[in-house]
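Trainee: Counting along the sequence shown from 1, when you hit position 81 you're at 81 in the numbering used here, and nothing is skipped either side.
Worth flagging that the hints you see were computed from the coordinates, not collected in a lab.
Do not rely on the hints blindly, as some may be mistaken.
[Unchecked claim] Restricting the straight-line Cα-Cα distance to at most 30 angstroms, the calculated cross-link-like pairs of lysine-lysine (DSBU-like) are: (1) Lys-106 with Lys-22; (2) Lys-106 with Lys-2; (3) Lys-29 with Lys-106; (4) Lys-82 with Lys-2; (5) Lys-82 with Lys-29.
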Amino acid sequence: MKTWLFLAIAIIGEVVATSALKSSEGFTKLAPSAVVLVGYGLAFYFLSLALKTIPVGIAYAIWAGLGIVLVAAIAWIFHGQKLDMWAFVGMGLIVSGVAVLNLLSKVSAH
Numbered sequence: 001m002k003t004w005l006f007l008a009i010a011i012i013g014e015v016v017a018t019s020a021l022k023s024s025e026g027f028t029k030l031a032p033s034a035v036v037l038v039g040y041g042l043a044f045y046f047l048s049l050a051l052k053t054i055p056v057g058i059a060y061a062i063w064a065g066l067g068i069v070l071v072a073a074i075a076w077i078f079h080g081q082k083l084d085m086w087a088f089v090g091m092g093l094i095v096s097g098v099a100v101l102n103l104l105s106k107v108s109a110h
């Protein structure tokens, strides 16, 4: 269970860091730039801990899939990015794929 918590922390760190990239304005703003660096540092550290138990392909699929959906949602809410119906359909398919990997795949470490 701790391994999945590590992966969740890694995903949150990556999502926070990626979301702060826009606010950093090309690393010209100190506070958002610091958030980017700390977020990615935490993300990769906790991902490395999760990879001790979770297969790399599964961990990366979950990391990337949830990261895409969460970053898109944050951009929609906080940065005014427009998302159409097909964007929501695509993100739903991504979440469905992550669920299939976790719930049905035998290669996932449970």
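Trainee: Against the earlier hints, flag every one the structure doesn't satisfy and list their numbers going up.
Mentor: 1, 3 and 4
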